[in-house]
Amino acid sequence: MRDGETAYLRLEGITKRFGNFVANDSINLKVNAGSIHGLLGENGAGKTTLMNILCGLYQPEAGQIYLHDRAVQITSPKVAIAQGIGMIHQHFMLVPQLTVIENIILGSPLTLRLNLKQKSREILVMSERYGLSIDPLAKVGDLPVGTQQRVEILKALYRQAKVLILDEPTAVLTPPEVQGFFKVLRQLAAANHTILFISHKLDEILSLCDHITVLRRGRVVGTTIAHNSTRQDLARLMVGRDVLFHLEKAAQSSDHIVLEVQNLQVRDDRHLNAVQNVSFTLKAGEILGVAGVDGNGQRELADAIAGLRPATAGELILNGQLITRWTMQQRIKRLKIGYIPEDRQKMGLILRFSIARNLILKGFQQLPFCRNGWLQRGAIAHHATQAIQSFDIRATSGKLRVSQLSGGNQQKVVLARELSGDPSLIVAMQPTRGLDVGATEYVQQALLTERQRGAAILYISTELEEIMMMSDRIAVLYEGRFVAILDAATATVEQLGLLMAGSPAGRLSP
Amino acid sequence: MSDSAAFLSDYLAASLRLSVPLAFAALGGLFSERSGVLNIGLEGMLLTGAFVSAATVFYTGSVWVAILAALIVGGLVGLLHAYLCVTLRVDQLVSGLAINLSAAGLTAFLSRLVFNSKTSQPLQGLDAIAIPGLSQIPIVGSLFFNQDPLVYLLLLLVPLITYLLFKTSLGLTLRAVGEYPRAAETAGVSVLFVRYLSVMLSGCLASLGGAYLVLVHVKFFMEDISAGKGFIALAALIFGRWHPISTVLACVLFGATEALQLRIQAFGLNIPYQFLVMLPYVIALFALIGLAGKSTPPAALGIPYVKESLDD
Ligand SMILES: Nc1ncnc2c1ncn2[C@@H]1O[C@H](COP(=O)(O)OP(=O)(O)OP(=O)(O)O)[C@@H](O)[C@H]1O
Ligand SMILES: [Mg+2]
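These protein sequence lines are chains C and X, in that order. Take 59 as the starting number for the first sequence in the working numbering and just add one per residue. Take 61 as the starting number for the second sequence in the working numbering and just add one per residue.
These aren't lab readings, by the way, just hints derived from the structure by calculation. Bear in mind that the values here come from a model prediction, so they are computed numbers and not experimental data. Mixed in with the good hints there might be a few duds.
As the list claims (entries may be wrong) - Only pairs whose alpha carbons sit at most 20 Å apart, straight line, appear in this in silico PhoX-like list of lysine-lysine:
| id | chain 1 | residue 1 | chain 2 | residue 2 |
| --- | --- | --- | --- | --- |
| 1 | C | Lys136 | X | Lys367 |
| 2 | C | Lys220 | C | Lys88 |
| 3 | C | Lys241 | C | Lys259 |
| 4 | C | Lys394 | C | Lys420 |
| 5 | C | Lys175 | C | Lys197 |
| 6 | C | Lys197 | X | Lys227 |
| 7 | C | Lys175 | X | Lys227 |
| 8 | C | Lys404 | C | Lys420 |
| 9 | C | Lys177 | C | Lys197 |
| 10 | C | Lys220 | C | Lys136 |
| 11 | C | Lys197 | X | Lys354 |
| 12 | C | Lys457 | C | Lys420 |
| 13 | C | Lys177 | X | Lys227 |
| 14 | C | Lys307 | C | Lys341 |
| 15 | C | Lys391 | C | Lys420 |
Unchecked claim - Now the stretches of chain X that chain C is said to cover, found in silico as 3 or more residues with beta-carbon under 8 Å:
| id | region |
| --- | --- |
| 16 | 228-235 |
| 17 | 243-252 |
Unchecked claim - Chain X is nowhere near these chain C residues, computed Cβ spacing over 12 Å in every case:
| id | residue |
| --- | --- |
| 18 | Ala196 |
| 19 | Lys259 |
| 20 | Arg277 |
| 21 | Leu305 |
| 22 | Leu374 |
| 23 | Met386 |
| 24 | Lys391 |
| 25 | Asp401 |
| 26 | Leu419 |
Just so it is clear, CB atoms sit at the ideal spot from N, CA and C, and this is done for glycine as well.
Chain C with its partners taken away, still in its complex shape:
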């Protein structure tokens, strides 16, 4: 940061503890008015904690916050709002049962007349000004995540936030949405808003931010100017070692067909056909990447193969056995399928359970974890200790609640459970979502090791680069259909992008 320039927002010596654990260790940070400041760090480095302190949700044990060189005490979110600080949380803070407009005006001063109609008009004017189009009367729970995010931003702007904190805002957006979103942010910065931006995607941070601060284990390990840095520099600062951005993998060789899917058809929660006529085969030691914009049937496809959702037509054949109509219990007992669901917090884990219990969710009815109906504490604890070691889960013991772990470590718990017992088929859906570069590398390496062992892997992701890097073949899912299955070695990003958008142009090339 240049000297002489006064910072709009300044943090001095901020420290926050949870019990014995120091989540933020005397953090100093300066952010200029009208700039976009990036915040980077591993999962659990303390980024969200620091931002929660800024927006009044957490109280720090020590330290001082300055706004425009004026010391401020942010004792509650109400105070933060009054000081012009608005935060868009990693997990959205929107009430799904309420409408957009109700969410936006929630918490504004008491009135005996909400006058939603007039407020809707105001919001519409505002949304046009910032290019954030929304329908004020829609129920938030019915909106796609990209739109929910716009609501969050409008909510902050409606409260006239001068400082905008964005905690991993792009994790749920598709590439075109991200571009539109960045345009809005640049526009806001130009209008002298101060923006704090958290992301695990190094390219995004590099292209969007002016300055970047890196946290590691609760401390600031460096602040750099974006246009003087590279991905490698940032990754090294973050995890303290070099990170591989390119994975080496041996050629796939086996001819054994593990999974055969024929004309699969699956309905979504609204009973509409979400997957239609999908057919493919998957060989041992092969990774089939499934690319596509979110919401094109990925969830239903994965659920159907894992057995969580019935197939309304078509057949699933695993290792020569027809399993289409098998129940979940049968599948768990007699098949080896590993399933890494899209949402680890809602589907992959029981957050209030300990690590040890989460690890036995699939096997708790069987030996060695259960004998004659009694849970075997010793075996369960031992299993947890082993998993913590071999998957490098950063936790002091297996008794820790999963809710206390960082995102990356939560994902490792899911991996530890789903990859145990050498599954022959693995369905991985967005397995690196929200993970830092180190954890991403870890998850990808773990899956490649499984591939090497001979597992067949269905790798579903909305991140094109990741799909290209991991897959042997790539299928493109568009409106519930496989519009193409390409060889990963020859497919290009442009071609995949066109196919994902539903354009037939990409299909002509090999």
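Since the structure of chain C is provided, determine the placement of chain X with the ligands on it from the hints.
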């Protein structure tokens, strides 16, 4: 007036009388549960209100002081429930149950001290006030416009609460706290304050239902006079999907069933009376079965809110 018309207006009046305590209690439950705090203590709150108003009117002779006393004590019981559930984060079912059991025991004990069993002379009650003109309309007139002030209050409360809930910022805040308290907090709302206020209001309203029971309906107090009305109110709340209008309508349905049941008993049909007494409860049960899966409670109902926690 013909016999059947007299019977009808009589039946409707009885239905209304039996619905009013339910409706007060259910509206009370609505506030508590909309804010995310389970309230099975409605029964105890209703009973408390009944006793307090009976004892007050017994000593002071003033129904208005009795109603005021019921409101205050009801609010205090609500405060206790809020303290247990919101601040101490005791299991909300356990807290409600404790309130019911304590209320049953305490009122039984105190009623023996106050009324020393011999006095079965009726207490002073609340008189009906006929609204000139309107009360002359056949059937409807005497049903709605020749009632006591508490019924008028209830008729006023239903649209008022509906407006409050859906058209004011207070109502919006209340609903948000019951659905997603963390989101409400980040929007600058004090979750604790909203929950305390709602649960206390819940106590006041349920207690008012008890006051109606004593001051208008039966005009004396006896042990366990609430007889499960708080629980029926809870069923009405679920059946009414936590919406004030449909909740009160559900109360009317249960009240009408009770009135019907009493009339069938009076006819002396050859049905064991125990079955008839069960009728309103059976209707409540079937209503809930029919609604299974369709009625979604506030998402945060029953879950204590902890600041600085990661558990949601
Ligand atoms: N309320 C809390 N109670 C206990 N521990 C907490 C709490 N909030 C955070 N922690 C712990 O503090 C550490 C920092 O968490 P934080 O959420 O700030 O990380 P982060 O940098 O945002 O990570 P991610 O990239 O995964 O979002 C983690 O180890 C987490 O488990
Ligand atoms: Mg975070």
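(message) Could you work out which of the previously given hints the structure breaks and list their numbers from low to high?
(response) none
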